[in-house]
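So the protein lines, in turn, are chains A and B. Residue 1 is where the first sequence starts when you use our numbering, and the numbers rise one by one after that. Residue 1 is where the second sequence starts when you use our numbering, and the numbers rise one by one after that.
Simulated from the structure, these hints should not be mistaken for lab results. Accuracy of the hints is not assured; some may be wrong.
Taking lysine-lysine pairs in the DSSO-like style, the calculated list, with each CA pair at most 30 Å apart, reads [as the list claims (entries may be wrong)]:
(1) A:Lys69 x A:Lys24
(2) A:Lys49 x B:Lys27
(3) A:Lys49 x B:Lys18
(4) A:Lys49 x B:Lys3
(5) A:Lys24 x B:Lys39
(6) A:Lys49 x B:Lys39
(7) B:Lys44 x A:Lys69
(8) B:Lys39 x B:Lys18
(9) B:Lys44 x A:Lys24
(10) B:Lys3 x B:Lys39
(11) B:Lys13 x B:Lys63
This one's a predicted model, so the numbers in the text were calculated from it and none came from an experiment.
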Amino acid sequence: AQSVTQPDARVTVSEGASLQLRCKYSYSATPYLFWYVQYPRQGLQLLLKYYSGDPVVQGVNSFEAEFSKSNSSFHLQKASVHWSDSAVYFCALSQAYQGGRALIFGTGTTVSVSP
Amino acid sequence: NSKVIQTPRYLVKGQGQKAKMRCIPEKGHPVVFWYQQNKNNEFKFLINFQNQEVLQQIDMTEKRFSAECPSNSPCSLEIQSSEAGDSALYLCASSLPGSYEQYFGPGTRLTVL
Numbered sequence: 001a002q003s004v005t006q007p008d009a010r011v012t013v014s015e016g017a018s019l020q021l022r023c024k025y026s027y028s029a030t031p032y033l034f035w036y037v038q039y040p041r042q043g044l045q046l047l048l049k050y051y052s053g054d055p056v057v058q059g060v061n062s063f064e065a066e067f068s069k070s071n072s073s074f075h076l077q078k079a080s081v082h083w084s085d086s087a088v089y090f091c092a093l094s095q096a097y098q099g100g101r102a103l104i105f106g107t108g109t110t111v112s113v114s115p
Numbered sequence: 001n002s003k004v005i006q007t008p009r010y011l012v013k014g015q016g017q018k019a020k021m022r023c024i025p026e027k028g029h030p031v032v033f034w035y036q037q038n039k040n041n042e043f044k045f046l047i048n049f050q051n052q053e054v055l056q057q058i059d060m061t062e063k064r065f066s067a068e069c070p071s072n073s074p075c076s077l078e079i080q081s082s083e084a085g086d087s088a089l090y091l092c093a094s095s096l097p098g099s100y101e102q103y104f105g106p107g108t109r110l111t112v113l
């Protein structure tokens, strides 16, 4: 069965430090992978996506992610975080239904950026 | 930023009461999804539509949940008889046909007392 695992429930980093959020997936075919961010009292915003090609993908707000088929991973990174990056980050995988494509989400990583 | 509109933002119901929430997808997006996000950040896909037609629905076997996307009206998700376990954030997302990207609204937070 398809699944997404985010092993770190919470991460605390200092402003200006680098950030890496881990995501592991289980899927028998080629996955379509996404990172979303959820700010308090808001919906999910798409940060970046991977369909194929270059395993390093760039997203909004200087986030990037690296896909690894051998490790079944899609880790999110940012070189220097800002206090406004405090949020919950979700990794998601797309699977195919009969013309609809429901997303399978991990349980998120809460990021707290300290001054 | 997503332009999916969800109303109301907050909904408080007693057990056994009906709960209804609405979603207006992004303009030009005929595919609509409903998800339930619980307090542990576990997501459950509920149903999706393309235009007015149901594409897939999962785990609505209790039949307390119903959804529709009528032409020229907001999509809606209704819980006929709310239970405490239904307390969650209900997220609506929309997409273009054939696209894997989904754009989410802010959600309706349902609290069942």
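Each hint tested on the structure:
Restraint check: the Cα-Cα separation between lysine 69 of chain A and lysine 24 of chain A comes to about 10 Å, which is no more than 30 Å; the hinted pair holds. Note on lysine 49 of chain A and lysine 27 of chain B: the hinted pairing holds, with a Cα-Cα distance of about 22 Å set against a maximum of 30 Å. Proximity of lysine 49 of chain A to lysine 18 of chain B is assessed by CA-CA distance (about 37 Å); at most 30 Å being required, the pair is judged violated. Note on lysine 49 of chain A and lysine 3 of chain B: the hinted pairing holds, with a Cα-Cα distance of about 19 Å set against a maximum of 30 Å.
Taking the CA atoms of lysine 24 of chain A and lysine 39 of chain B, the gap is about 22 Å. The hint holds against a cut of 30 Å. Taking the CA atoms of lysine 49 of chain A and lysine 39 of chain B, the gap is near 25 Å; set against the 30 Å cutoff, the hint holds. Using a Cα cut-off of 30 Å, the hinted pair lysine 44 of chain B and lysine 69 of chain A holds, with the two alpha carbons roughly 26 Å apart. Between the alpha carbons of lysine 39 of chain B and lysine 18 of chain B the distance comes to roughly 21 Å, so the proposed pair stays at or under 30 Å and holds.
Only pairs whose Cα atoms come within 30 Å are accepted, and lysine 44 of chain B paired with lysine 24 of chain A is accepted, the gap being roughly 19 Å. Between lysine 3 of chain B and lysine 39 of chain B the CA atoms are separated by roughly 24 Å; this keeps the pair inside 30 Å, and the hint holds. For the suggested pair lysine 13 of chain B and lysine 63 of chain B, the alpha carbons sit about 18 Å apart, so the restraint of at most 30 Å is met.
The structure fails hint 3 only (numbered hints given earlier).
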